[in-house]
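These protein sequence lines map, in sequence, to chains A and G.
With the numbering used here applied, the first sequence covers 1 to 279.
With the numbering used here applied, the second sequence covers 1 to 263.
Some hints could be false.
Pairs of lysine-lysine, DSBU-like flavour, derived with a Cα cap of 35 Å [what the hints assert, rightly or not]:
hint, chain 1, residue 1, chain 2, residue 2
1, G, K250, G, K207
2, G, K197, A, K177
3, G, K138, A, K165
4, A, K177, G, K38
Hint data in this document are derived by calculation from the structure and do not stem from the laboratory.
These numbers were taken from a predicted model, which means no experiment stands behind them.
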Amino acid sequence: MAVSTRYLTQKIAKVLVWVGALSTIAVMLLILLKVLSEGLPSLGLRFFFDSPKEMGREGGILPMILGTAALTAVALSVATPLGVGTAIFLREYTREGRISRMIRFGTDCLAGVPSIIFGLFGFVFFVIYLNMGWSILSGGLTLAAMILPTIISTSEEAIKAIPEKYRDVSYSLGGTKWQTVIHTILPSALPGIFTGIILSIGRSIGETAALVLTAGSSLLMPTSLFSPIRTMSVHFYILATEGISMKMAYETGAALILLVLVVNTIANWLLNRYVRHRS
Amino acid sequence: MSAIGVEGEIMAPQDKIVIQDFNFIYSELHALRSIDLKIQSNEILSLFGPSMSGKTTLLKSLNRLTDLIFGVRHTGMIFLDGMDIYDPEVDVTHLRRRVGMVFDLPTPLRMSIFENVVYGPRLSGIRDKKRLTEIAEKALRSAVLWEEVKDRLHTSALRLSGGQQQRLCIARVLALEPEVLLLDEPCSGLDPISTLKIEESLIELKKEYTIVIVPHNVQQASRISDRAGFFLSGELIEIGTTYQIFTKPKDKRTEDYVTGKFG
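So here's chain G without its partners, still in its complex pose (with noise of 0.2 Å):
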């Protein structure tokens, strides 16, 4: 993990990822159109759009979750720090650990909280219990999810309310301490009060990470973005820092959009 960390900053990309004339093909459904699309590093970036619009296949393709998806195809690539993801000597579960995925509902494993955090970081082949605990109090922590769970780790995280699993997922994937976090509305299923707590810990870890999220409605993307891109029926119609885009939009359709004519 250290030694990509150090490649990173040696080759100190702005860009984190880099989108280039990216397609996505289900069987019957062209899902992204030619997308072309900088993520800076450090920076928080919304993708917002309605339903069915490529935002979610957007996502996986960043982590080659659509690996998973039988039957469809895509063209255009993808770089990570300047590396082609989909390169077939790209290990994926190495690429997995490097941009994590957090859900739109909580997905709690059926096992304690601890277990939980340090399924990634067991998988990678992390053994030593002193080691586990460590990345587990660290990555709860940066969740804020430590002082409310920290006496009860080890009984089941299906007992926890959805916002605190929304928060052990968050911290789930910190656990692998990956460079670009992606969140596919996280708090769709949510209250108000713990997609707060989810907003303030994301503004948090931007210091460290690299986030893509897509936000469960407009205003959650105006209220922590810095940039944001909108996307319609497959397309990225407009991106731009969240000011211009809630403000000054440049396309017809993003103003129609953000003011509440569609969608």
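Bound-form chain A, shown alone (with noise of 0.2 Å):
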């Protein structure tokens, strides 16, 4: 009877995890073929560059592209250093008490808010107290906030797995703290640390509230940080909600799935070159 019903609960239980991992594949398949099966046929090499023309219902995108590119670029280079600062500033230079715990209480925080609130305090702080204008550097800025939870999360888990013998070794050979961050526990973090800043970039893509409200909606082509621009996503999303063309709302879908496909391919690349020459 025993045996019975254990093997009955085994049985249930590969079923259930089957299901899960089934339908989590089948979601995934079904979004990016619906978006591609829409926008890939009448795609075009041209799209990509040529700017847009009425509205976006002719052209192409390259100045929402350029914009992306842009403010994902600003975004992480402010994120990048504050991020895995704080994570080392979290792991190598303090033990656990108030300051660290705070400093989590705090990232936690700015993880859980959603992004319109942040899009909020972008346009209340960076557009109009600093007189940013809607412009790349404000919703940069505000991006980066918002990818910030990411970047120091996923470096302090990568510090923290670094054993404690290479720290050992690094002091036990003369190292400073500093030095020893700088070459033992950065490149031996590096894997986990690019890991954040390619989630990061995922997130910047695909923002979409905030930086309506912080970067604007031009059409126009960027020519300085100050720029007003519209990224990918809002381009799409101001495409379809406002009945502008559907046909060019789903090419700008699949383009950006390709250029993320292009840009997670590379980075992963890079990433298995630099792992793959160092062991």
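With the hints as a guide, bring the two chains together.
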């Protein structure tokens, strides 16, 4: 009796686990297939290199691609040093205590804030109070605040995973704390930190709500950090919700997916090369 | 570095390290109990005894690696060439370059063989490529590893065998030209042939360095050391020449341990 019950439980568990895994894959495939099947057939190379015409009914999305890239670059170049620095502080420069608990609580809170709130903050603080206007800079700084928790927590995990013996070695060879961080901790943690950066790139490319409020929705080609821009996601959103062109919306979506794929592939390739080089 | 060497010669102390009434306490555990010990220049001193007897803690106290552990304290003094190593004025990175340490398991850093060896010299500010190459060759030769790796210095250190990795770790410490070499069960993960090679190189190294080793068994202590000290539960039970300790121990506990009645 007991044996058959255990056997049955085993069977049910197996089915549940499989259903979970398969439905995850199915949902992902459905979304990808839908967007790609609608967008890919009419997607030409020109779409990537043309400016939009007639509000986006015709033409391409070059300004959006450049704007998205610039915005992501600003966000990463602000959030990465801050985030990695915080992670190093938490793991190497302080012990578990009030300060580290406060920082962790703060980043957890930051991670839980809905993006529209970030948008509102960015709008009030960067766009209006600091008078940066709708711009790559305003949007990028807002995004930086949004991706900071991800970068901190992935970097901290990566640093935590480094065996204590590497620190001992570095210190025993006369390394100072900073030298140990630079020559031993960071190189070993780099793959993990990189993962956080890739996740953050995804978040940056996908973010919409906060960016309408901070980076604007201009169709013009960006010329400086103070140019207003429209990211690809915002473009997609506006094309779809304002009934401008579903066809172009899907093409933008497909282009977005392809670009994310390319970025992730390159990033992974670089990462593997780095890891192989070091082992 | 050289100034220190000269200073050491002027003082010409027979005793390289003097430990006086040294106690070490982890938050709960009294790991070392009033240790008095003198370590002479150019000797190999073995510190042996069952695990948890405080040998590693004593080694790590000698170059203040214990500073990295949270919630510990110590009393008593340790002198290196007459200098109190716990004096607040002491530059601890400098101390660690003078008192190098090799750990129980090979710990090559994830970089090339060459980069591993010159890690310490680089941190101390040597940039010149030619000088670093010379240092690396000298250190690898001293650790009897040069012949095996000279053609692949720039491949990853992780591809070496365990024995080679441990000799690399010794070379890495030698590259700093330390005065004292601390070895914490350096052969514990190695096969007998690798162990033999390391032991041979240690006997060679004794000419230039003062060596304190925690051997991984009693036999190793008897093979390589000039003097041996027996530790039990944080106390230094007995210390003497290796011959005396292993043939005519004065303390019953030492005798029981070296004859294998316990341990």
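Status of the hints after comparison with the structure:
Restraint check for K250 (chain G) and K207 (chain G): satisfied, since their Cα atoms lie roughly 30 Å apart, inside the 35 Å limit. Taken as a hint, the K197 (chain G) and K177 (chain A) pair is honoured in the structure, with Cα atoms around 34 Å apart against an allowance of 35 Å. A C-alpha spacing of about 25 Å is found between K138 (chain G) and K165 (chain A), which places the hinted pair at or below 35 Å, so the restraint holds. Annotation: proposed proximity of K177 (chain A) to K38 (chain G) holds, straight-line Cα distance about 31 Å (limit 35 Å).
The structure shown violates none of the earlier numbered hints.
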